[in-house]
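Enquirer: Per numbering that gives the first Met the number 0, residue 0 is the first one in the sequence shown, and the count goes up by one each step.
Where hints are given, some of them may not hold.
[To be verified] Quick list of the computed label-pair ranges, beta carbon to beta carbon:
| # | residue 1 | residue 2 | range |
| --- | --- | --- | --- |
| 1 | His187 | Leu41 | 35 to 43 Å |
| 2 | Arg191 | Lys219 | 15 to 23 Å |
| 3 | Asn559 | Gly535 | 30 to 38 Å |
| 4 | Asp245 | Gln99 | 26 to 34 Å |
| 5 | Phe215 | Pro549 | 23 to 31 Å |
| 6 | Ala454 | Asp245 | 52 to 60 Å |
| 7 | Arg32 | Arg115 | 52 to 60 Å |
| 8 | Ser70 | Gln99 | 40 to 48 Å |
| 9 | Leu438 | Leu84 | 37 to 45 Å |
| 10 | Glu122 | Phe145 | 51 to 59 Å |
| 11 | Arg567 | Arg352 | 45 to 53 Å |
| 12 | Arg115 | Leu438 | 49 to 57 Å |
[Claimed, not checked] Capping the alpha-carbon separation at 25 Å, the derived lysine to any residue pairs in SDA-like fashion look like this:
| # | residue 1 | residue 2 |
| --- | --- | --- |
| 13 | Lys222 | Asp514 |
| 14 | Lys536 | Asp449 |
| 15 | Lys206 | Ala218 |
| 16 | Lys472 | Arg459 |
| 17 | Lys202 | Lys222 |
| 18 | Lys536 | Ile445 |
| 19 | Lys31 | Lys323 |
| 20 | Lys31 | Gly401 |
The hints are simulated quantities; they were obtained by calculation from the structure and are not laboratory data. Glycine included, each C-beta is placed from N, C-alpha and C at the ideal position.
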Amino acid sequence: MTVANERSDAPSSHGAAAPPKPAARLILALLKRSRGAFSIALVACVLNGIASVMLVATLNRALSQSSLADSSLAWRFALCAVVALATRVLSGVLFARLSQDTMAQLREHVARRVARAELRDVERIGAAPVQSVLTDDATNVSMLFFALPNIVMHGSIVFGCLGYLAWLSWPVCLLALAAIVTGSLGYHTGDRRAIASLEAAGKSQDKLFGYLGALFAGAKELKLHQARARQFVDGQLGAAIGEVRDHRRRAFSAYAVGVGWIIFLFYAFLGAAAFWPSLGVRADAPVAAGYVIVFLFMLVPLDGLLNNLPTVNAARVSLDRIEKVMAEFGGLAEAPPPSENAAHAPFETLTLRGVTHSYFHERDERMFRIGPVDLTFRPGEMVFIVGGNGSGKTTLAKVLTGLYEPEDGVIEVDGRPVGAHERAAYRERFTAVFNDFHLFDALLGIVDPDDPSRAQADARANALVAKLALDHKVQVVDGAFSTRALSTGQRKRLALVVAYLEDRPFYLFDEWAADQDPAFRAVFYEQLLPELRGRGKTVVVITHDDRYFPLADRVLKLDNGSIVSETRGARAARAIAPEAANGTAG
């Protein structure tokens, strides 16, 4: 599914129709594949309203003119009842399907948008707003399709009843319209306050999801400090929960007051129609009975119509929020997908020329810049990057792998610069295990569970699992790990299995050995890395293990974002080891 929601900054020409609002544009795009079912459901709702009005008209005629209450009116009544039942069931089923289909499409749209976004945007925005969009806002949008059939059906009944009233008596109909219009004005005033409260509730919900994430991420720290736990749960988290509750309470209270006001005016209209002699109602008992029947019949759908409007407004606010959150992930311009061979495309040189990148350095609370960096990498070489905490090692690795875009300078592959359209294909050359890695539960993109030859891939993966002494803990079955309930060091070893199976030309490891015992460190540095280099791979390792520096072809020392030394061969251990700082991340 492609959801088009680009914004145009160009002013509209004179006389041209104004572009649809973001909420309308998004919902129209989501309904594009289901427009047939949506149209049928709307027609069914209108037919239900018409059938319902014909029911009350037939009943009124039968009661007011008993001499005409023959079998033809009974059959007409029965037919209208069957049509009302069938159309209500049909519209209910179709709108239920549309509700869930739209929620699924919306979540797919958000997930694809986040997956396509630049890493910097993903890190800056964080997971909380997206989680809020995928849960609360997506649910609000899906509920719109439960409210729509009621709104269309009840609206059709109300307008049909007003038309029937106009046929019976124009003064009574005008009085009913005056009551509805007067009540709508008061309802609109409360509606604006309610929408403002719903928007504020959405912002508070983002904060709430952030605290909920901290509840799990900081579970150890909370368990170790009861005072901290109380202040967090009762203070920060409790305050966020209270804010969402209070904003939504104000919003729906405003709607309740508005609905009550309109219903009160309708009662006033009913009293005026019944007791105002100049309207002529009291002069004719059968006609008065007809008015009462129509009034009472219209009262329930009018109440249902008004009570479903808050759902529509909540969905509209949520759609606008979704658009705003998605807009923060950058434009929708998408580079063509890389070819299947991009991940294995060989290269002779990969060069960084004058590359710089800036970011906010939290430790020093200032903007920090790496570069300008001038480096060249070739197949079959192993390069170690060392430096103290905050020297920029991990940031340089993200720039090198194409996860961060250089602000100045250029990255070249065999002399050809890597631009925005080539960056996706460029990233396919890399396999990386970062210090804050994530291990998926399956060999995604490596083993197809529907491929008949997957058993061979499983066997190869299990051989690597055994080589890393994890076969007693985990197995690969149909391309998936049997468990991920492992220590950090063990999960890093599984991440190494995934990296081996990817078989890319360029490998990068960010402090991989930091969580390993000495035996596995030796295996990593003395067996696995030389094996990758022997297969013609370019291997870059961010490390502090000075005893293994002689194994590298080059050791680059990074300090304050700049490469301050480059040592080759066995001389690296003597030249850099005394100066290497301890730490795990750059």
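Enquirer: All hints, please: hold or fail.
Expert: Cross-check of the supplied hints:
1. His187 - Leu41: 35 to 43 Å: violated, 25 Å
2. Arg191 - Lys219: 15 to 23 Å: Since the Cβ atoms of arginine 191 and lysine 219 sit about 46 Å apart, the hinted range of 15 to 23 Å is violated.
3. Asn559 - Gly535: 30 to 38 Å: holds, 34 Å
4. Asp245 - Gln99: 26 to 34 Å: Hint holds: Cβ distance 31 Å, inside 26 to 34 Å.
5. Phe215 - Pro549: 23 to 31 Å: At roughly 43 Å between Cβ atoms, proline 549 and phenylalanine 215 fall outside 23 to 31 Å, so the hint is violated.
6. Ala454 - Asp245: 52 to 60 Å: holds, 58 Å
7. Arg32 - Arg115: 52 to 60 Å: 20 Å Cβ-Cβ, so the 52 to 60 Å window is violated.
8. Ser70 - Gln99: 40 to 48 Å: Given about 44 Å between the Cβ atoms, the range holds.
9. Leu438 - Leu84: 37 to 45 Å: violated, 54 Å
10. Glu122 - Phe145: 51 to 59 Å: At roughly 37 Å between Cβ atoms, phenylalanine 145 and glutamate 122 fall outside 51 to 59 Å, so the hint is violated.
11. Arg567 - Arg352: 45 to 53 Å: Taking Cβ atoms as reference, arginine 567 and arginine 352 lie about 21 Å apart, which means the hint is violated.
12. Arg115 - Leu438: 49 to 57 Å: Violated: the Cβ-Cβ distance is about 22 Å, outside 49 to 57 Å.
13. Lys222 - Asp514: holds, 24 Å
14. Lys536 - Asp449: Given that 25 Å is the threshold and the Cα spacing comes to 30 Å, the pair is violated.
15. Lys206 - Ala218: holds, 18 Å
16. Lys472 - Arg459: Answer holds: lysine 472 to arginine 459 is near 17 Å, not above 25 Å.
17. Lys202 - Lys222: violated, 29 Å
18. Lys536 - Ile445: holds, 18 Å
19. Lys31 - Lys323: holds, 21 Å
20. Lys31 - Gly401: violated, 35 Å
Checked against the numbered hints above, the structure violates hints 1, 2, 5, 7, 9, 10, 11, 12, 14, 17 and 20; every other hint is satisfied.
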